[in-house]
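Chain A is already provided as a structure; the job is to place chain B on it using the hints.
Number of protein chains: 2
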Amino acid sequence: MNYRLDIQYDGTRYGGWQKQKDTDNTIQGKIEDVLSRMCETPVTIQGAGRTDAGVHARGQVANAHMDTDKSCEEICAYLNHYLPEDIEILQVRQAAERFHSRLNAREKVYQYRIAAGFHKNVFERKYQCPLHENLDIDAMREAAGFLEGTHDFKSFCSNKKMKKSSIRTLHCIEIQETEQEICITYTGDGFLYNMVRILTGTLIEVGRGVRKSETMTALLESCDRKNAGFTAPARGLTLLEVRY
Amino acid sequence: MNYRLDIQYDGTRYGGWQKQKDTDNTIQGKIEDVLSRMCETPVTIQGAGRTDAGVHARGQVANAHMDTDKSCEEICAYLNHYLPEDIEILQVRQAAERFHSRLNAREKVYQYRIAAGFHKNVFERKYQCPLHENLDIDAMREAAGFLEGTHDFKSFCSNKKMKKSSIRTLHCIEIQETEQEICITYTGDGFLYNMVRILTGTLIEVGRGVRKSETMTALLESCDRKNAGFTAPARGLTLLEVRY
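If you read the sequences in order, they're chains A and B.
Taking the working numbering, the leading residue of the first sequence gets 1450, the next gets one more, and so forth.
Taking the working numbering, the leading residue of the second sequence gets 1450, the next gets one more, and so forth.
Just so you know, the hints here were simulated from the structure itself, not pulled from any lab data.
Among the hints, erroneous ones may be present.
A pair counts as met if it fits within one copy or between any two copies, since identical chains are not told apart.
Keeping only pairs whose Cα atoms sit at most 27 Å apart, straight-line, the calculated DSS-like set for lysine-lysine is [as the list claims (entries may be wrong)]: (1) Lys-1479 x Lys-1575; (2) Lys-1468 x Lys-1569; (3) Lys-1519 x Lys-1569; (4) Lys-1569 x Lys-1479; (5) Lys-1479 x Lys-1519; (6) Lys-1613 x Lys-1675.
If you're wondering where the values come from, they're calculated on a predicted model, not measured in any experiment.
Just chain A, with the same shape it has in the complex (with noise of 0.2 Å):
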């Protein structure tokens, strides 16, 4: 049979979300211990988005296929019951046996926050990234428009070995503002390794006024990372959701 497993975490503590032959301190590891314990044998966990170390999500989702007599409500609270406080199984329901959580994500929603203001918050300090500056908000939303849309985003990944298609849609970047947050949510049909740090970095040095607006579209012609802006701190993303 095969479950989808809804999943939020706080990834402060881990080396990211993907299993790593060294270390067992990613939430895929983590999640895959209890359930090889729970059916007494090895099980394999595919999750949507491969978030990195430091990273945060609020709706990831994995499947697996598993061989067990517990309801998904027992496999649920199983789950909770062994994985620590920082990570939580928000639902375990059955899937189509085709379904993989991966290749059959329609949409993705990140969202970056940015601590504004004078001071930091301390309650929120693991979940944004310290900046503490003036930006030019309207300038980094005029920049957004220019990023939206269809184009390959080679210049917004880091893996320079990366030999797939780096075409993706960005559906939507929305920037609100309050006075203590920046908060860029990027919507869109799958996004590259760093690609969504990559972008906020870039968006700030916009807000910075290092950078114009206008120079997006050349950016992503050039198809170069090295044009591209810094990358931003990983504490600041969190995975909000995947859709299919």
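Here is chain B on its own, set in the frame of chain A:
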């Protein structure tokens, strides 16, 4: 010169506000260390509320007599530069020479947050008490009504050796409920040792139906801690504001 400090902290890692002889892992100790270094002479600060180990603050107030050439903004920047990232000084200002943060406080506001709903929120786990039970909010509000006003709150005080008056005025207990959280806000002229946490534990027992709201008056009159409810965990409690 006497200075007033407005302070925010995540109390998770600390042994409470008040400096202890055998450990300096307290908020007061951390701030005094930095101020003493800045002034090159020992500085003592007075906090308005002695929050317990694990209790947080959004608006703690302290005062300190110091001899320094620095401006208020410079003192604030110096403190935030050297303090750990879970303590933030929001403001430093000059105060009247006789201003005492605790003795002059007219009113304090504490908030207790209880995680409701089936799932915990991993991002709020350090600031909520995880309960995840259905509580009868109407009964809790009724009980809160009996507790408001001027009473001897000895039944709600952990300090058995307390010799001073335990009469306090609770101006308001407000209980707000969302799908994710029950939030109890206490406004009063002063609070005894553990008082907010015992009030909360007692209200939770009313919400569970194991204690009737009408028994609050007899409980107050008994002046016996043993008759009140459990002491709710520190992590759910935040000192919101001190009013002068």
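Hints versus structure:
1. Lys-1479 x Lys-1575: Answer is both: 21 Å inside a copy and 21 Å across each meet the 27 Å cutoff.
2. Lys-1468 x Lys-1569: Between copies, since 25 Å is at most 27 Å while 33 Å is not.
3. Lys-1519 x Lys-1569: between (45 Å within a copy, 22 Å between copies)
4. Lys-1569 x Lys-1479: So Lys-1569 and Lys-1479 pass the 27 Å test across copies only (18 Å; inside, 31 Å).
5. Lys-1479 x Lys-1519: within (20 Å within a copy, 50 Å between copies)
6. Lys-1613 x Lys-1675: Answer is within: at 19 Å inside a copy they meet the 27 Å cutoff, but 68 Å across does not.
Comparing the model with each earlier hint shows no violations; every hint is respected.
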